[in-house]
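With these hints in hand, go ahead and build the complete structure from the sequences.
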Amino acid sequence: MVIRYLLLSVFASTSLWLLVACGAQSPPTATPAATPRSGRVANADVLHVRAVQAANGSWTFHVTVEHPDTGWDDYADGWDVLTPDGTVIKPDPDSPFTRLLLHPHVNEQPFTRSQSGIVVPEGVTEVRVRAHDLVDGYGGREVLVDLTVPSGPDFAVERRS
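228 is the number of the first residue of the sequence shown in the numbering used here; add one for each residue after it.
One thing to keep in mind: the hints can contain errors.
Computed list of lysine to aspartate or glutamate pairs in EDC-like fashion (alpha-carbon distance at most 20 Å, straight line) [what the hints assert, rightly or not]:
#1 317 x 373
#2 317 x 353
#3 317 x 369
#4 317 x 349
Hints in this document: simulated from the structure, not taken from any laboratory.
So this is what it looks like as structure tokens:
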């Protein structure tokens, strides 16, 4: 009983110290940080990207994501296409991501989801694709896509006229 009391006292003291020491937080930024919120390693990884340009110039991105989804409490919930300056390209400006993923994929790993209507700004020849997970945020494997070549490591590009 004494040992249990001592352990609880040490835990309470440590928790109080951490609360006081970590109380000052940096101001929020417009783009979520790449560091996971939970302190764990973020693990929503982009494995492959296929970018297909339509005759009207817009793009459809087919993105393969891998994440150890466990259910509604922890799953990959979206992916983004970003320009080199960090701007997220979203067909729906009200969406939190380029492509919102609405449910867990517990028994479907890895999985591929597509998003059409992506307008890459004129002059942008390279985009970055990243995935987000509900618990850990951003920080998993990303794929850099060079839109001027037919393929590269982990990506393929198709231009249609």
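Each hint, compared with the structure:
1. Only pairs whose Cα atoms come within 20 Å are accepted, and residue 317 paired with residue 373 is accepted, the gap being roughly 19 Å.
2. For the proposed pair residue 317 and residue 353, the alpha carbon gap of about 16 Å is at most 20 Å, so the pair holds.
3. Distance hint between residue 317 and residue 369 is fulfilled; the C-alpha atoms sit about 17 Å from each other, no more than 20 Å.
4. The straight-line distance between the Cα atoms of residue 317 and residue 349 is roughly 15 Å, inside the 20 Å bound, and the hint therefore holds.
When the structure is compared with the earlier hints, no violation turns up for any of them.
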